[in-house]
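Here are the chains, one letter per residue:
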Amino acid sequence: MALLEIKNLNVSVGEKEILKDFSCSLESGKVYALLGPNGCGKSTLSGVIAGNPVYTVTSGSILFKGKNLFDMTPSERACAGIFLGFQYPVEINGVSYAAFLKQAINSRLKAKGEKPIDAVQFMKRLKTRALALGISDEMLKRFVNVGFSGGEKKKLETLQMAFLEPDFCILDEMDSGLDVDAMRVVANGVSIMREEHRSFLVISHYDNFLELIKPDVVMIMAGGHIVKTGGMELVQDLKEKGYAEYK
Amino acid sequence: MKQDTKAQIKQITDADYRYGFETDVDIQTAPKGLNEEVIRYISARKGEPEWLLAFRLKAFRHWQTMAEPHWGKLHYDPIDYQDIIYYAEPKAQKPESLKDVDPKILETYEKLGIPLKEQEVLSGVVAVDAVFDSVSVATTYRAKLAEKGIIFCSISEAVKNHPELIKKYLGSVVPYTDNFFACLNSAVFSDGSFVFIPKGVKCPMELSSYFRINAKNFGQFERTLIVCEEGAYVSYLEGCTAPQRDENQLHAAVVEIVVLDGAEVKYSTVQNWYPGDENGKGGIYNFVTKRGLCHNKAKLSWTQVETGSAITWKYPSCVLKGDESVGEFYSVALTNHYQQADTGTKMIHLGKNTRSVIISKGISAGHSNQTYRGLVKMGPDAQNARNFSKCDSLLIGSNCGAHTVPVMKSANPTAQIEHEATTSKISEDQMFYCEQRGLSDEEAVALIVNGFCKDVMKHLPLEFAIEAGRLIGINLEGSVG
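Chains as they are written, first to last, in my numbering: chain A, 217 to 463; chain B, 9 to 489.
There could be a bad hint or two in this list.
Under the rule of at most 27 Å between Cα atoms (straight-line distance), these lysine-lysine pairs were calculated in the DSS-like manner [as the list claims (entries may be wrong)]:
hint: 1; chain 1: A; residue 1: 357; chain 2: B; residue 2: 466
hint: 2; chain 1: B; residue 1: 274; chain 2: A; residue 2: 318
hint: 3; chain 1: A; residue 1: 340; chain 2: B; residue 2: 462
hint: 4; chain 1: B; residue 1: 466; chain 2: A; residue 2: 318
hint: 5; chain 1: B; residue 1: 175; chain 2: A; residue 2: 357
hint: 6; chain 1: A; residue 1: 331; chain 2: B; residue 2: 462
Calculated directly from the structure, the hints in this document are not laboratory data.
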């Protein structure tokens with residue numbers, strides 16, 4: 217059974233049709249790269265999977281671990297194992313990262329009918345992962361995304377992903393605005409989390425980032441659906457010729 | 009917010025008001041209505057001396073000449089002052105020890121989670137004076153405090169055991185002529201806490217008082233007096249609950265605080281009076297006068313989290329009479345359903361180099377209405393006085409209202425007043441971000457609101473801060489949409 221099965225999906229934002237008869241089947245244990253010209257629907261795809269209410273699904277289906285995703289609210293999808301690393305993470309003033317992640321983990325435990333996490337265990341889990349990603353204790357005390365640079369925000373998105381251990385991780389242009397070091401941190405985050413039961417959908421434009429990530433499959437999107445699938449050689453191709461042949 | 013999200017949330021049932029239970033205890037009450045006989049009855053039941061009865065009668069006669077104020081942005085059915093019981097006491101006499109207290113009363117306090125057993129030691133020791141309807145039930149840790157010369161007892165007891173202190177300070181900060189409700193309180197006040205900290209003494213534990221209104225049609229008129237002598241320190245916590253009722257109940261309290269030279273008082277309140285049901289029926293009318301008088305280099309800070317009451321009218325204030333005195337006001341007010349609040353503070357700068365800080369966070373949800381009303385007044389002698397005010401409103405949903413009425417008056421050209429205000433809504437992006445991490449809608453709102461209130465919550469003593477955070481979550485239930 218595929219981890220995520222999308223069939224004939226049509227999605228609009230207001231009047232505008234973005235995804236047109238979009239289909240793909242994503243397996244566990246793989247890293248998928250998704251590339252495409254701006255406006256082709258990459259962010260729409262990630263938003264629809266995560267359940268962002270601004271998108272209207274006009275037809276089609278998405279099955280996650282065999283279950284109908286459209287039957288689930290965004291938080292139910294999250295608790296089921298879907299994670300979206302946002303392109304523009306929003307600020308939440310007055311709430312520290314530590315407090316935010318503690319609530320997130322407790323919400324998941326509650327959804328499973330379990331007790332809230334023990335405070336000591338929580339700090340241990342958080343700090344080990346923060347350390348592995350080069351994130352200081354001081355950063356964990358700061359309010360979520362308040363006063364963070366673009367690169368710092370993406371690093372913290374990566375930390376959240378590492379901490380919550382989701383099964384399906386969408387990285388929506390997580391590499392944009394990052395310097396080489398920050399890019400390595402994010403790529404590192406992905407590689408330490410590569411497991412049999414987990415998959416990644418990495419949306420990106422940059423070959424240097426994708427070279428660090430080493431995806432198993434590369435998909436190219438244009439005009440609202442996938443137009444080509446292959447390996448890293450497609451990325452090289454795009455670098456040389458651009459998206460002209462796909463338009 | 010999407011239509012079916014709205015529908016989903018409207019289906020979430022409101023939490024039952026958790027403290028909405030009654031205690032089935034024999035209660036002795038005064039007859040309904042307000043006249044001199046009732047006042048004499050109250051005074052006699054409490055065994056008060058002549059001078060205190062005279063104080064009450066003077067206030068009552070003045071009250072009869074006053075008119076209820078209506079300048080607040082509040083709409084409520086007229087109060088029939090003759091349709092209220094002004095005194096209630098559980099039938100048993102004043103207990104010597106906990107053994108003498110009606111077990112049903114002890115049970116009520118256990119339900120509320122308030123320790124009345126001396127043996128109970130909390131991580132930060134809290135001494136509790138519990139007021140059940142009109143009579144203070146017990147005061148714990150009295151002996152420990154007495155060793156330091158600290159007096160913490162009910163006003164009724166203080167009248168008997170320390171009359172000279174009561175005579176000296178009662179009405180010195182809030183005279184009976186001050187306003188309609190303070191005048192009413194001065195005539196019929198039932199009981200409350202008396203705290204006296206002698207010169208140079210830092211009170212080693214947080215003092216707490218707990219109020220509960222039980223009898224039907226009973227107006228709670230508690231009176232609290234705190235006197236902190238030169239160089240002394242005390243932190244006082246006030247918490248309140250009330251059972252679920254259909255009729256409105258009046259709560260007209262007075263809190264007076266005297267802070268002498270170099271002394272410091274922290275007064276924290278978490279108020280969760282019954283707010284009325286989701287249709288706006290029932291609930292407490294909370295009309296309170298709280299004021300502190302600061303002498304030279306004295307400091308008073310008010311921290312409050314108000315989540316309850318159908319109607320709230322209160323302005324904890326500081327009169328910064330002494331030079332270099334400091335007044336602070338940190339407030340979170342949450343209104344939901346049909347609650348109304350007209351609340352704020354008054355900082356009156358009289359002395360030189362005085363400072364005040366006001367941080368007010370208002371959260372409106374449902375069909376509620378909230379007004380922040382603040383007065384910063386700089387007197388002619390307030391050389392180099394400074395005020396900083398920040399008022400932030402957060403609106404949840406599109407049926408609620410938030411209004412700000414900041415008044416600044418200055419008679420001294422060297423005094424500085426700064427005011428910042430913001431109004432915001434919880435953004436859909438923030439909600440989606442939280443939901444994507446696994447939080448339910450209500451957990452997301454509670455988290456965002458608690459973050460919004462952070463600047464105020466950090467001033468609350470820890471155990472209160474935790475309780476306040478939970479209360480905010482509970483009172484926000486059913487508000488998103």
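Now the hints, each set against the structure:
no., hint, verdict
1, 357(A) - 466(B), "holds, 14 Å"
2, 274(B) - 318(A), "violated, 31 Å"
3, 340(A) - 462(B), "holds, 25 Å"
4, 466(B) - 318(A), "holds, 19 Å"
5, 175(B) - 357(A), "violated, 51 Å"
6, 331(A) - 462(B), "holds, 26 Å"
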